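Given next are the chains, with one letter for each unit.
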Amino acid sequence: DQQVKQNSPSLSVQEGRISILNCDYTNSMFDYFLWYKKYPAEGPTFLISISSIKDKNEDGRFTVFLNKSAKHLSLHIVPSQPGDSAVYFCAAIYNQGGKLIFGQGTELSVKP
Amino acid sequence: NAGVTQTPKFQVLKTGQSMTLQCAQDMNHEYMSWYRQDPGMGLRLIHYSVGAGITDQGEVPNGYNVSRSTTEDFPLRLLSAAPSQTSVYFCASSYGAFQETQYFGPGTRLLVL
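Each protein sequence line maps, in turn, to chains A and B.
Just add 45 to the spot in the first sequence (first one is 1) and you have this note's numbering.
Just add 17 to the spot in the second sequence (first one is 1) and you have this note's numbering.
Calculated from the structure, these hints are not laboratory results.
Quick caveat, the model's predicted, so the values are computed rather than measured.
All residues carry an ideal CB built from backbone N, CA and C; glycine is no exception.
All clues stand as given, with none of them false.
Chain B is faced by these chain A residues, among others (derived, beta-carbon under 7 Å):
| id | residue |
| --- | --- |
| 1 | Y77 |
| 2 | E87 |
| 3 | G88 |
| 4 | P89 |
| 5 | F91 |
| 6 | I138 |
| 7 | L145 |
| 8 | F147 |
| 9 | G148 |
| 10 | Q149 |
| 11 | G150 |
Let's have the full structure, built from the sequences with the hints guiding it.
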């Protein structure tokens, strides 16, 4: 049972345009969400996070939006750059359980 | 400052063999974790540790053992390898709980025949 789902395995975007990566979750106990970015043959690197008490967090070109009623979060990258081409994982935590659950990942390709 | 290091980078095992995947960090982080990455499954937490001498199970712990005798090292042991354990394994560490930024190693690619 996949508690965190990224239903789009891949996304292709033109350089300079907006990239929107989506993530859905089923467990209402999740109270913290993170996005990680992964290049081939490397480990994931932390990108941005958001607490469940917020609905938006922004860091430079990256913004994460959280819609708790829909159990949905999204990562917006504006403007997209070729160096953003990577696999993006969303992840969720519920403190009481102490567990971190990742989605399946979305491969973003930004074309020049 | 090497960050999180993992050895070996690649390993081939026969079914039933045992091996230990090594993980070390030099950032004095309390939290360390092991994940496996499989196609279409994302990253799944195997075991984690909140400090030396303390370990706990993650989402997919069966077939794996861990111990944490020092802050720096967190080895993952496969006692009797199975083809289902073919995967890419990542070790990670963080200063605090999972909300804190985790630093991942480069991964170990394991093939079990």
